[in-house]
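Peer 1: Residue numbers (my numbering), protein chains in the order written: chain D, 1 to 117; chain Y, 1 to 113.
The set of hints was computed from the structure by calculation and includes no laboratory data.
Even glycine gets a Cβ: it sits at the ideal position worked out from N, Cα and C.
One or more of the hints may lead you astray.
For each label pair, taking beta carbons as the anchor points, the in silico distance ranges come out as [unchecked claim]:
hint: 1; chain 1: Y; residue 1: Lys-56; chain 2: D; residue 2: Glu-63; range: 37 to 45 Å
hint: 2; chain 1: Y; residue 1: Thr-28; chain 2: D; residue 2: Glu-87; range: 28 to 36 Å
hint: 3; chain 1: D; residue 1: Lys-41; chain 2: Y; residue 2: Gly-1; range: 15 to 23 Å
hint: 4; chain 1: D; residue 1: Glu-63; chain 2: Y; residue 2: Glu-16; range: 46 to 54 Å
hint: 5; chain 1: D; residue 1: Arg-113; chain 2: Y; residue 2: Ser-79; range: 29 to 37 Å
hint: 6; chain 1: Y; residue 1: Phe-18; chain 2: D; residue 2: Asn-51; range: 40 to 48 Å
hint: 7; chain 1: D; residue 1: Gly-61; chain 2: Y; residue 2: Tyr-30; range: 24 to 32 Å
hint: 8; chain 1: Y; residue 1: Val-82; chain 2: D; residue 2: Lys-42; range: 24 to 32 Å
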Amino acid sequence: GAVVSQHPSRVICKSGTSVKIECRSLDFQATTMFWYRQFPKKSLMLMATSNEGSKATYEQGVEKDKFLINHASLTLSTLTVTSAHPEDSSFYICSAAPGGGATREQYFGPGTRLTVT
Amino acid sequence: GNSVTQMEGPVTLSEEAFLTINCTYTATGYPSLFWYVQYPGEGLQLLLKATKADDKGSNKGFEATYRKETTSFHLEKGSVQVSDSAVYFCALSGKTGANNLFFGTGTRLTVIP
Numbered sequence: 001g002a003v004v005s006q007h008p009s010r011v012i013c014k015s016g017t018s019v020k021i022e023c024r025s026l027d028f029q030a031t032t033m034f035w036y037r038q039f040p041k042k043s044l045m046l047m048a049t050s051n052e053g054s055k056a057t058y059e060q061g062v063e064k065d066k067f068l069i070n071h072a073s074l075t076l077s078t079l080t081v082t083s084a085h086p087e088d089s090s091f092y093i094c095s096a097a098p099g100g101g102a103t104r105e106q107y108f109g110p111g112t113r114l115t116v117t
Numbered sequence: 001g002n003s004v005t006q007m008e009g010p011v012t013l014s015e016e017a018f019l020t021i022n023c024t025y026t027a028t029g030y031p032s033l034f035w036y037v038q039y040p041g042e043g044l045q046l047l048l049k050a051t052k053a054d055d056k057g058s059n060k061g062f063e064a065t066y067r068k069e070t071t072s073f074h075l076e077k078g079s080v081q082v083s084d085s086a087v088y089f090c091a092l093s094g095k096t097g098a099n100n101l102f103f104g105t106g107t108r109l110t111v112i113p
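Just chain D, same shape as in the assembly (with noise of 0.2 Å):
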């Protein structure tokens, strides 16, 4: 079946580093990429949505100069918190659409821990 990687699966960096996420879709080619969070006993939230080879697109309130999205292969996106702060701290989750379709699911990958200390 589709499966979507993440890497690194947990990261603790200090405040004012930046962090890269790598999300990876091992045996499909994904168009579309999304990337969620999610706070403890709260909802996943979109942050955004990449497709390849475009900028992505991000949902209301997300910063996207702070939530850098590449989306440079169809099996590559990666996630880059800029300057990250405490409040930064989650779980980041990406999915992955095959492309074609007018019904494409979502795979999702395992999620990153991020902390921030």
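Fit chain Y to the supplied structure of chain D, relying on the hints for placement.
Peer 2: Relative to chain D, chain Y alone:
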């Protein structure tokens, strides 16, 4: 706007017990409804879905019926197994396909032998 309200957990059941996880939604238009499951250490997986009123989604013994009159999509299973222990997420999509999913908070289920 779109939102999903899901039964808070955690839920602990004995093996072979009956499971219900409640989910209600608020949406404009006619959303598609989903249940996702996340097993320990893995990503979310689509468990079942329904795309219109009165549709019943089913998979692996789980069922959920799209009830427009009560705006609900409750998840049920007649006899749970230890292997069903996971976190279950109810979600809706306001558009054709799986874009723009709105998730509930998730319900952790633990099944004990």
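Peer 1: For each hint, tell me whether it holds in the structure or not.
Peer 2: Hints, one by one, checked against the model:
1. Between Y:Lys-56 and D:Glu-63 the Cβ separation comes to about 41 Å, which falls inside the hinted range of 37 to 45 Å.
2. Taking 28 to 36 Å as the suggested C-beta distance range, the pair Y:Thr-28 and D:Glu-87 conforms, at roughly 31 Å.
3. In this structure the supplied range 15 to 23 Å holds for D:Lys-41 paired with Y:Gly-1, their Cβ-Cβ distance being about 21 Å.
4. Taking the beta carbon of each, D:Glu-63 and Y:Glu-16 are about 49 Å apart, inside 46 to 54 Å as hinted.
5. Under the hint 29 to 37 Å, the C-beta atoms of D:Arg-113 and Y:Ser-79, about 34 Å apart, fit the expected range.
6. Remark: the range hint 40 to 48 Å for Y:Phe-18 to D:Asn-51 is upheld by a beta-carbon distance near 43 Å.
7. A hinted range of 24 to 32 Å for the beta carbons of D:Gly-61 and Y:Tyr-30 is consistent with their spacing of about 26 Å.
8. Checked against the hint of 24 to 32 Å, the pair Y:Val-82 and D:Lys-42 passes, with Cβ atoms roughly 28 Å apart.
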